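A.B. asks: In the working numbering, the protein residues as written are 1 to 304.
Just so you know, nobody snuck in bad clues.
Derived pair list, reagent style SDA-like, types lysine to any residue, alpha-carbon separation capped at 25 Å:
#1 K245 with M167
#2 K87 with N130
#3 K224 with D134
#4 K245 with D297
#5 K185 with D214
#6 K90 with D49
#7 K136 with Q196
#8 K300 with N285
#9 K90 with G57
#10 K185 with T141
#11 K245 with G279
Have a look at the derived ranges for each label pair, beta carbon to beta carbon:
#12 Y47 with N82: 16 to 24 Å
#13 L223 with Q86: 42 to 50 Å
#14 K224 with C278: 17 to 25 Å
#15 R292 with L124: 34 to 42 Å
#16 Y159 with L242: 17 to 25 Å
#17 N190 with T141: 14 to 22 Å
#18 D83 with V28: 25 to 33 Å
#19 L223 with Q33: 42 to 50 Å
It should be emphasised that the hints constitute simulated quantities derived from the structure, not laboratory data. Fair warning: this is a prediction, and the values are worked out from it, not measured in the lab. For every residue, glycine included, the Cβ atom is placed at its ideal position computed from N, Cα and C.
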Amino acid sequence: MTGNMVQYAVLPNCTNSCKFCLCRDKRVLTTEQIVHRIDRIAENINYIDWAGKFCRGISLLGGEVYGYKDPLYEERYLSLVNDICQKILKPVGPGARYSTVTNGIYKPDFLFQCADLIVSECGLDYLDVNFSYDLKYRYRTEEARQLALSNINAFSKRYDYRVGVQMILTQHVINSVFDGSWSMKSFIENEIPGNQLVFLYPHPIRSNGLPLEDFFFKRADFLKFLLYLEEHHPDIHANTILSTKNSGTFKYTGLFYPEKGADQPPILADGKEVLQECGHSVLYNCYSDSDRCMLCDIEKLWSL
Numbered sequence: 001m002t003g004n005m006v007q008y009a010v011l012p013n014c015t016n017s018c019k020f021c022l023c024r025d026k027r028v029l030t031t032e033q034i035v036h037r038i039d040r041i042a043e044n045i046n047y048i049d050w051a052g053k054f055c056r057g058i059s060l061l062g063g064e065v066y067g068y069k070d071p072l073y074e075e076r077y078l079s080l081v082n083d084i085c086q087k088i089l090k091p092v093g094p095g096a097r098y099s100t101v102t103n104g105i106y107k108p109d110f111l112f113q114c115a116d117l118i119v120s121e122c123g124l125d126y127l128d129v130n131f132s133y134d135l136k137y138r139y140r141t142e143e144a145r146q147l148a149l150s151n152i153n154a155f156s157k158r159y160d161y162r163v164g165v166q167m168i169l170t171q172h173v174i175n176s177v178f179d180g181s182w183s184m185k186s187f188i189e190n191e192i193p194g195n196q197l198v199f200l201y202p203h204p205i206r207s208n209g210l211p212l213e214d215f216f217f218k219r220a221d222f223l224k225f226l227l228y229l230e231e232h233h234p235d236i237h238a239n240t241i242l243s244t245k246n247s248g249t250f251k252y253t254g255l256f257y258p259e260k261g262a263d264q265p266p267i268l269a270d271g272k273e274v275l276q277e278c279g280h281s282v283l284y285n286c287y288s289d290s291d292r293c294m295l296c297d298i299e300k301l302w303s304l
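Generate the whole structure from the sequences, applying the supplied hints.
C.D. replies: What follows is the structure in structure tokens.
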């Protein structure tokens, strides 16, 4: 596996339980167990070639790291963020990032604390903050959806920052655009003004066999949608293509154990390190009606 950013899973705890949850290790840990994970990450970052191989920085994911409320947890997580500033972002300099994706379904105080620390120590350019969003499967109530939107816009305003709003591209989204029930233009202009929408392809879900209607897209509909984006929203099209290409190679997932040597393989997180015959990750096999590789299709239509 290659990559130029290291991605760590911090905790499997998440109170939202999205129907399409990707978490393999869906457990509820105690605060002490979560803090132990944080301490392991804090130790592990000392053994990584941040200036060379992983010069784009670090990504912290897993559960909902900014919505877990516990004083000890918050203290240790902030300590980890400070270590990241001092040991990764400052030494590496421009180009390195603290990258994170959050659902935004919580009071944003702790998210702001973490971002404030990075901005004060390193600067705004060292932040890569993205919010996840969905039309059908993420929010249990309209209040939850509105809270997420409120936090997206609050973060953007607080830091004068263009937030990445990441939406999993599902058959439902495609249908909603083409039948006119959801206006992408109106959403961008009225609900996330000044921020950037990008579509992510759907990964295999681990929802205890729960059937999800209109989740994985049909091949012809997907390619038609990309052509639509290229014509009507070229910036979203470009970012979606780039995100799709990078997702299988950009982030090296898992802990490095120094006693096993620098070349030991990662702890697999989402299966992206497993390859198809074409050489692309198995995660790109995501059509509902075809076993074709989605990235191969993209490469034939657009030069990457």
